[in-house]
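Participant: Below are the chains, spelled out letter by letter.
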Amino acid sequence: MRRTAAVWAGKATGALARISRLGGGTTLPGDVARAIDPDVLRKMSRDLKHGAIVITGTNGKTTTARLISWLLEGAGHSVVSNRAGANLIFGATAAALEKAGANGKLKVDWGVFEIDEASLERAVDEIQPRAAIVLNLFRDQLDRYGELETIAKRIEAALKRLPADSRAVLNADDPRVAEIGLNLDRPPLWFGLDDTSVATRELPHAADARTCPRCGASLVFDAVYVGHDGVYRCPNGDFARPVPDLAATHIDLNGFESLAMGVSGVRIELPLGGLYNCYNALAAFAAGDALGLDPAFIAERLRTFRAAFGRQERLEAQGRRLNLVLSKNPAGFNETLRTAVDLAGGRNFLIGLNDRRADGTDVSWIWDVDFERLRGRAQVVVPAGNRADDLAVRLKYAGLTAPIATPPEPDPALALDALIRATPEGETAHVLCTYTAMLDLRAELVRRGWAKPYWET
Amino acid sequence: MARKTLTVGWLYPDLMNIYGDRGNILTLLKRAEWRDFDARLIELGRGTTEGIDDVDVFFFGGGQDREQALVYEDLLETKQTALERAVASGASVLAVCGGYQLLGQYYQTGEGERFPGIGLIDVRTEAGKQRFIGDVVVDTDLPDIQPQTLVGFENHSGRTYLGPKAKPLGRVRMGFGNNGEDHTEGCIQGGILGTYLHGSLLPKNPHLADHLVTSALARRGITELAPLDDAAEIAAHEKILARAQRR
Ligand SMILES: [Zn+2]
Numbered sequence: 001m002r003r004t005a006a007v008w009a010g011k012a013t014g015a016l017a018r019i020s021r022l023g024g025g026t027t028l029p030g031d032v033a034r035a036i037d038p039d040v041l042r043k044m045s046r047d048l049k050h051g052a053i054v055i056t057g058t059n060g061k062t063t064t065a066r067l068i069s070w071l072l073e074g075a076g077h078s079v080v081s082n083r084a085g086a087n088l089i090f091g092a093t094a095a096a097l098e099k100a101g102a103n104g105k106l107k108v109d110w111g112v113f114e115i116d117e118a119s120l121e122r123a124v125d126e127i128q129p130r131a132a133i134v135l136n137l138f139r140d141q142l143d144r145y146g147e148l149e150t151i152a153k154r155i156e157a158a159l160k161r162l163p164a165d166s167r168a169v170l171n172a173d174d175p176r177v178a179e180i181g182l183n184l185d186r187p188p189l190w191f192g193l194d195d196t197s198v199a200t201r202e203l204p205h206a207a208d209a210r211t212c213p214r215c216g217a218s219l220v221f222d223a224v225y226v227g228h229d230g231v232y233r234c235p236n237g238d239f240a241r242p243v244p245d246l247a248a249t250h251i252d253l254n255g256f257e258s259l260a261m262g263v264s265g266v267r268i269e270l271p272l273g274g275l276y277n278c279y280n281a282l283a284a285f286a287a288g289d290a291l292g293l294d295p296a297f298i299a300e301r302l303r304t305f306r307a308a309f310g311r312q313e314r315l316e317a318q319g320r321r322l323n324l325v326l327s328k329n330p331a332g333f334n335e336t337l338r339t340a341v342d343l344a345g346g347r348n349f350l351i352g353l354n355d356r357r358a359d360g361t362d363v364s365w366i367w368d369v370d371f372e373r374l375r376g377r378a379q380v381v382v383p384a385g386n387r388a389d390d391l392a393v394r395l396k397y398a399g400l401t402a403p404i405a406t407p408p409e410p411d412p413a414l415a416l417d418a419l420i421r422a423t424p425e426g427e428t429a430h431v432l433c434t435y436t437a438m439l440d441l442r443a444e445l446v447r448r449g450w451a452k453p454y455w456e457t
Numbered sequence: 001m002a003r004k005t006l007t008v009g010w011l012y013p014d015l016m017n018i019y020g021d022r023g024n025i026l027t028l029l030k031r032a033e034w035r036d037f038d039a040r041l042i043e044l045g046r047g048t049t050e051g052i053d054d055v056d057v058f059f060f061g062g063g064q065d066r067e068q069a070l071v072y073e074d075l076l077e078t079k080q081t082a083l084e085r086a087v088a089s090g091a092s093v094l095a096v097c098g099g100y101q102l103l104g105q106y107y108q109t110g111e112g113e114r115f116p117g118i119g120l121i122d123v124r125t126e127a128g129k130q131r132f133i134g135d136v137v138v139d140t141d142l143p144d145i146q147p148q149t150l151v152g153f154e155n156h157s158g159r160t161y162l163g164p165k166a167k168p169l170g171r172v173r174m175g176f177g178n179n180g181e182d183h184t185e186g187c188i189q190g191g192i193l194g195t196y197l198h199g200s201l202l203p204k205n206p207h208l209a210d211h212l213v214t215s216a217l218a219r220r221g222i223t224e225l226a227p228l229d230d231a232a233e234i235a236a237h238e239k240i241l242a243r244a245q246r247r
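Here the protein sequences come in this chain order: A and B. Residue numbers for the first sequence follow our numbering, so the first one is 1 and each next one is one higher. Residue numbers for the second sequence follow our numbering, so the first one is 1 and each next one is one higher.
Just so you know, not all the hints are guaranteed correct.
Using 30 Å as the maximum straight-line C-alpha spacing, the simulated DSSO-like pairs for lysine-lysine come out as follows [unchecked claim]:
(1) A:Lys153 <-> A:Lys105
(2) A:Lys160 <-> B:Lys129
(3) A:Lys153 <-> A:Lys107
(4) B:Lys4 <-> B:Lys30
(5) A:Lys153 <-> A:Lys43
(6) A:Lys153 <-> B:Lys129
Simulated restraints, written as ranges between beta carbons of each label pair [to be verified]:
(7) A:Gly399 <-> B:Asp144: 45 to 51 Å
(8) B:Arg220 <-> A:Asp370: 29 to 35 Å
(9) B:Gly110 <-> A:Arg186: 21 to 27 Å
(10) B:Glu43 <-> A:Gly237: 24 to 30 Å
(11) B:Asp65 <-> A:Ala260: 52 to 58 Å
(12) B:Asp141 <-> A:Ala157: 42 to 48 Å
Covered stretches of chain B (in silico footprint by chain A; criterion: 3 or more residues with CB under 8 Å from a CB of chain A, positions within the stretch not fixed) [what the hints assert, rightly or not]:
(13) 15-27
(14) 53-66
These are calculated hints, taken from the structure and not from any lab test. Computed from a predicted structure; not experimentally measured. We treat Cβ as the ideally placed atom computed from N, Cα and C, and that holds for glycine.
Could you put the whole structure together from the sequences, leaning on the hints where they help?
Facilitator: Here is the structure:
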């Protein structure tokens, strides 16, 4: 009875939130239901016919969750998933609620939930997932999540509590994730990249996880793929990147348009760009593999994938193409910039920085982003968001002077105007924003009829 | 005539860099370049003191616990004597967060265990339960700097208390500062400036960057720097000041 009441209260809130267009993190229904029955997610998870998968890590959760849902749906399964970037445990509850019947029962095959790093323990306890994926661990929102080490320890504790028939699926290329995996009793399924043609030798500024967990020596990197993810070893020989069970080889990157790679003897192609999406696709492949999907089917299905809100969305705006990419921490931002400038030849940029709670209230991380990459390549960079002034200073010290960087423009409508004005017709403008800065900008795009509201995409 | 030079020494750039500390380095170097100085960066990682005697301004940032433990050992083994020598000869030091704590007398854990620092400044730090997180505005006690405010962001659980030899960098108008009790923030002791402000600190406080440089270059007879256009930096500074006024 209590559960039914909780489900209904949650459902009513969900409908309300959509009608009143409270965009963004759709967790309110989850909050309401959990207040009435704190066990509502635990109970609904038990209803799932085949079980659930949880995905955590700093970057790529949303895309990976969406890829896995796409695979499962393609195989004829019904899936419940927390889609709109609402990855707190309340978001997962809200998502489950939406699909629950009038009796509070969930008639769905699979749950695919992205869970933020700090909530994984609770999620594992309540959801009892069949598989738990850890994508990477980068510095992100130090004001809210605390330092990397604290987060890593909590993830390790969570994985140690996985049910006996559950599998941990871990990124071998991330030294801090590997350390977690090596401390588990049951061996995880490791995935990683094996193609030095897309690697660099140099760690970026402010890379985390660069010392050996056993002896403290600085790790030697033979290849660097994304952030501190790569092929590494301790010079004293007591720690090294685990050999991946599933490795991506022969990687081809085509700007923001597409990527291709070989995994387990099949060729995977999908309409997502950037090296970071190789990891997301590989993680999804690993999950599909762990759940018994046929590799040939996975490859076929991935070809027709569509990206989630604000994660590589392409729009038309007065004869210009807009490419929207959510960019929220140094590792993600550096990869987006690398893809935009080096692979896609990007010249026009709007960069949006907000410091609301969902973005992180500390903006010091912008100094760890290599905006220097834009120097001599960009023809316009519009600093936007409520911390546009800080961005403008960052761009100045990166050597981007006027007319490349326009004056800071916190108003999303005016920032968009400045971008359109400066972008020649027929060219692409790249819009890189933190979470709520993207929401603000997207709301303006919707107002102008250039984008659909996010729940319709 | 030979070009004027500025040498910046970054202590443990690979391990102590958690809060966008690179911004402080870039600010020191770029401002020197814009003034036609020959600006040079020396990275002082573990096991090396090469070039340490040439350094005018040292920067020592914050790190994660695991890295800070590694740094502590190296500081005692390879850097302490050289650092003391450099400071005695008039170099200036900016130490932020973890770096600030490590230069002090000791750090005391919640269980009462004491880890000695290298004692270059007369401050001591104790673990606190609640983390102090948020924007900070400080009315600074530093003479001759304009504006007389510093802005930044703090994120620390350590409570730092000043001994008689250390003077506060200023008083908090907004935020917690050294310990959340006495309203002080940071410390000044000779050429060493310690603080909890990051954000990064120097880009939004260009007057403080110039202060660190002039106090180090005084030994070479340079007491004034050519003015620069700081409109962008001051605009960002004033955005944070406005937040303090809104309260
Ligand atoms: Zn080792």
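Participant: Work down the list of hints and note, for each, if the structure agrees.
Facilitator: Checked hints:
Note on Lys153 of chain A and Lys105 of chain A: the hinted pairing is violated, with a Cα-Cα distance of about 35 Å set against a maximum of 30 Å. At most 30 Å may separate the alpha-carbon atoms for a hinted pair to count; Lys160 of chain A and Lys129 of chain B meet this at roughly 27 Å. For a cut-off of 30 Å, the pair hint linking Lys153 of chain A to Lys107 of chain A is broken: about 35 Å separates their Cα positions. Taken as a hint, the Lys4 of chain B and Lys30 of chain B pair is honoured in the structure, with Cα atoms around 14 Å apart against an allowance of 30 Å.
Using a Cα cut-off of 30 Å, the hinted pair Lys153 of chain A and Lys43 of chain A holds, with the two alpha carbons roughly 27 Å apart. Between Lys153 of chain A and Lys129 of chain B, the direct Cα distance comes to roughly 19 Å. Compliance with the 30 Å bound is thereby established for this hinted pair. Restraint check, Gly399 of chain A to Asp144 of chain B: a C-beta distance of roughly 30 Å breaks the suggested window 45 to 51 Å. In this structure the hint that Arg220 of chain B and Asp370 of chain A lie 29 to 35 Å apart at CB holds, the actual value being about 33 Å.
A hinted range of 21 to 27 Å for the beta carbons of Gly110 of chain B and Arg186 of chain A is inconsistent with their spacing of about 34 Å. In this structure the supplied range 24 to 30 Å holds for Glu43 of chain B paired with Gly237 of chain A, their Cβ-Cβ distance being about 26 Å. Checking the proposed 52 to 58 Å range against Asp65 of chain B and Ala260 of chain A shows it is violated: the Cβ atoms sit about 41 Å from each other. A beta carbon spacing of about 45 Å between Asp141 of chain B and Ala157 of chain A agrees with the range 42 to 48 Å that was offered as a hint.
Note: the stretch 15-27 of chain B has 10 residues with beta-carbon separation from chain A under 8 Å; the three-residue rule is met and the coverage holds. Judged by the Cβ-Cβ criterion of 8 Å, the stretch 53-66 of chain B is covered by chain A as claimed, because 3 of its residues qualify and three suffice.
Of the numbered hints listed earlier, those contradicted by the structure are 1, 3, 7, 9 and 11.
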